[in-house]
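Each chain, letter by letter, is given below.
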Amino acid sequence: EVQLVESGGGLVQPGGSLRLSCAASGFTLSDYWMHWVRQAPGKGLVWVAQINHDGSATTYADSVKGRFTISRDNAKNTLYLQMNSLRAEDTAVYYCARDVYSVGDYWGQGTLVTVSS
Amino acid sequence: DVVMTQSPLSLPVTLGQPASISCRSSQSLVNSNGNTYLNWFQQRPGQSPRRLIYKVSNRDSGVPDRFSGSGSGSNFTLKISSVEAGDVGVYYCMQGTHWPPYTFGQGTNLEIK
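Top line first, the protein sequences correspond to chains W and G. To convert, note that position 49 of the first sequence is 49 in my numbering; the numbers rise steadily by one, no gaps. To convert, note that position 18 of the second sequence is 18 in my numbering; the numbers rise steadily by one, no gaps.
Only chain W is shown next, with the shape it has when bound in the complex:
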């Protein structure tokens, strides 16, 4: 059974950092591109970042470029999102999602990031 389990969310002050993890099981992570998508409270879905099979290519939404870094460790079956210089507007549930015919044939349960003083 395919499973994606996010962790690492929490409360952080503006300007702070956080690293999210997404543990994959039930499939070979290295066979797939992966994404992070976020959803602010009561709002819609917003794509954040993408990474290719081996981590050699990444792309980002303009709103996070230069502050967030997506990476992966295929040997550990884990996807990461390093978030620096966090702002109040980064407050959201962050989902990892697998790419088959584009975003999201499988999604994790999400992890909540709250940026507040």
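Keep in mind that the hints were calculated from the coordinates and are not lab data. Hints are not guaranteed to be accurate.
Stated by the list, open to error - Think about it this way: if two alpha-carbon atoms lie no more than 25 Å apart in a straight line, the pair counts; the simulated DSS-like pairs of lysine-lysine are:
no., chain 1, residue 1, chain 2, residue 2
1, G, 79, G, 55
2, W, 43, G, 113
3, G, 79, G, 113
4, W, 76, W, 43
5, G, 79, W, 43
Unchecked claim - Among chain W residues calculated to face chain G with C-beta under 8 Å, some are:
no., residue
6, 44
7, 45
8, 46
9, 47
10, 55
11, 56
12, 57
13, 59
14, 95
15, 101
16, 102
17, 103
18, 105
19, 107
20, 108
Even for Gly, the Cβ is constructed at its ideal location relative to N, Cα and C.
Fit chain G to the supplied structure of chain W, relying on the hints for placement.
Same frame as chain W, now just chain G:
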């Protein structure tokens, strides 16, 4: 960026009746290989999104055949042939042709009358 516009944003439906959601993109979603990466997602209250349809009209595994997708170019539709109580939630279209960024519609809130 490609803008995805859904209508209606709120959709009250009687149980057993059909429902239809429209999604329009600000430019054609056909890529140079002739593929159209338009997906539909369902997000039930308190749950993660679940993909229903990929590449316009292909149902994901386990999705009931009550759900169907159609369209071409920049106009797309998600139809539910007979709405059930479990269909309540927010539905999103998303384009994956012209990235980055991948872009979602605003969402359509389906509720039971």
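Hint check:
1. G:79 x G:55: holds (15 Å)
2. W:43 x G:113: Holds, at about 23 Å.
3. G:79 x G:113: holds (17 Å)
4. W:76 x W:43: violated (32 Å)
5. G:79 x W:43: holds (23 Å)
6. 44: OK, holds: residue 44 (chain W) within 8 Å of chain G, min 5 Å.
7. 45: Holds, because the Cβ-Cβ distance from residue 45 (chain W) to chain G comes to roughly 5 Å (cut-off 8 Å).
8. 46: holds (7 Å)
9. 47: holds (4 Å)
10. 55: Hint on residue 55 (chain W): violated, closest Cβ of chain G at ~17 Å, above 8 Å.
11. 56: The hint is violated - residue 56 (chain W) has no Cβ within 8 Å of chain G, the shortest such distance being about 16 Å.
12. 57: Given a least distance of 11 Å, the restraint on residue 57 (chain W) is violated.
13. 59: holds (4 Å)
14. 95: holds (6 Å)
15. 101: holds (4 Å)
16. 102: With a minimum Cβ separation of about 3 Å from chain G (threshold 8 Å), the hint on residue 102 (chain W) holds.
17. 103: holds (6 Å)
18. 105: Given a least distance of 6 Å, the restraint on residue 105 (chain W) holds.
19. 107: holds (4 Å)
20. 108: holds (7 Å)
Consistency note: the structure conflicts with the earlier hints numbered 4, 10, 11, 12.
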